[in-house]
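Chemist: Sequence lines, in order, name chains A and B.
Remember, the numbering used here sits 8 above the position in the first sequence when you count from 1.
Remember, the numbering used here sits 8 above the position in the second sequence when you count from 1.
No lab work stands behind these hints: they were computed from the structure.
All values derive from a computational prediction rather than experimental measurement.
Errors might be hidden in some of the hints.
Same chains, same label: a pair holds when it works inside one copy or across any pair of copies.
The calculated lysine-lysine pairs, modelled on DSSO-like cross-linking and capped at a C-alpha distance of 27 Å, are [stated by the list, open to error]:
1. K148 / K172
2. K87 / K155
3. K172 / K155
4. K155 / K204
5. K160 / K225
Protein chains: 2
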Amino acid sequence: MKSSIVLLSGGLDSATALYLALSEGYQCRCLIFDYGQRHRREIEAAKKIARKAKCAYSIVKIALPWGGSSLLDKKLALKPASGYQGIPNTYVPARNIILLSFALSYAEAIGAKAIFIGAHAQDYSGYPDCRPEFFRSFGKVITTGTKAGVGKRSIAVRVPLQNKNKSQIIKLGNKLGVPFELTWSCYKGGGKPCGKCDSCYYRAKGFKEAGFSDPAKR
Amino acid sequence: MKSSIVLLSGGLDSATALYLALSEGYQCRCLIFDYGQRHRREIEAAKKIARKAKCAYSIVKIALPWGGSSLLDKKLALKPASGYQGIPNTYVPARNIILLSFALSYAEAIGAKAIFIGAHAQDYSGYPDCRPEFFRSFGKVITTGTKAGVGKRSIAVRVPLQNKNKSQIIKLGNKLGVPFELTWSCYKGGGKPCGKCDSCYYRAKGFKEAGFSDPAKR
């Protein structure tokens, strides 16, 4: 059975990427990161999603003590969706590069053929590490810098939602049976979604445009 | 003052890279990794070298529970220098990619302009993640996937020892005043260097060819 590593954040994008990988017949091992994010609640969500999908998961704890992001530093305000130009201050320096590197190490050690990540079009309007050109560069790192890559069996970085917006992802996830009720998106990570941060904003907009009600809404 | 992150392992290559960066006028912050390596002793060596050079250092602890290397798994024998073809089993899946990713995150968060790594010619005869083409690919990851890289001030990956062999590095380090007596190379990480592993073998050969005696020899 072909094997893959799935980066699972606990949000709806990566959950959809997981269910897509499963639908393609991959055996999936989920990699969940505890990197000091203020919305640590997403880690619990990710665990529940992995269990629901009957997939093994590992939690990797890493420290990024140098900060540089409002997702890591609670003293920095989360800038609202409409209040900025360019790269949001929720950008975490080199985060996806770090996450992919660990997934790559895992994939190489166990002989997995693919890494799935749920990055998509709306992300890469702001985050540089969600853009197609970044993923292409990372692919080149694999073929030049790993034993698997320079050998006969390389590892593919799969970004299946790359060209989709949130409502398209929600429609796709709905078809695939993604347990959206278990997902967590809010950056604030309080008891309830704040409804104001970027992540809440795009989630609500996505469900509205897809014509579904959000099953996680309490 | 221009600032840099130096990946410091505790071995003589990275110590030389540090002293080279200092000689170029960089303010250096050393990044030391505790990644479960069997030669944990090198971490203590790295700390001593950073202190000697009067540089700040951070120790980053990461877990690579999937193993896949004789440096991580003591049940695997360290293959001797002449006993293999191709990539040694001391290769740790995606290790340098992970290390560089953390250095990149740190550099981006504090606005450092460069990352120094002590990889060199003898390494890349075996390790894919020490080859020039890998570092070029990683450079492309920075320019496509980070805020610093897509903006006006990117971050350079500096591999100043790339084309040098061990004896050339030792000669250079000697000129720069590298405290070789504090460095640790042996993969086994026992009380004394084993004298048999790849790392001991190349160190001894390097000192012999450079015409120096190894000040760490007890």
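Chemist: Each hint: holds or not?
Modeler: The hints, checked one at a time:
1. Within a single copy, K148 and K172 get their C-alpha atoms as close as 24 Å, and across copies as close as 25 Å, so both meet the 27 Å cut-off.
2. Proximity of K87 to K155 under the C-alpha cut-off of 27 Å is restricted to the inter-copy arrangement: shortest distance 17 Å between copies versus 42 Å within a copy.
3. For the identical chains of this complex, K172 and K155 are inter-copy neighbours only, at 23 Å across copies versus 33 Å inside a copy, given an alpha-carbon limit of 27 Å.
4. For a Cα distance limit of 27 Å, the shortest separation of K155 from K204 across copies, 24 Å, qualifies, whereas the shortest one inside one copy, 45 Å, does not.
5. Taking the shortest alpha-carbon separations for K160 and K225, neither the intra-copy value of 47 Å nor the inter-copy value of 41 Å comes in at or below 27 Å.
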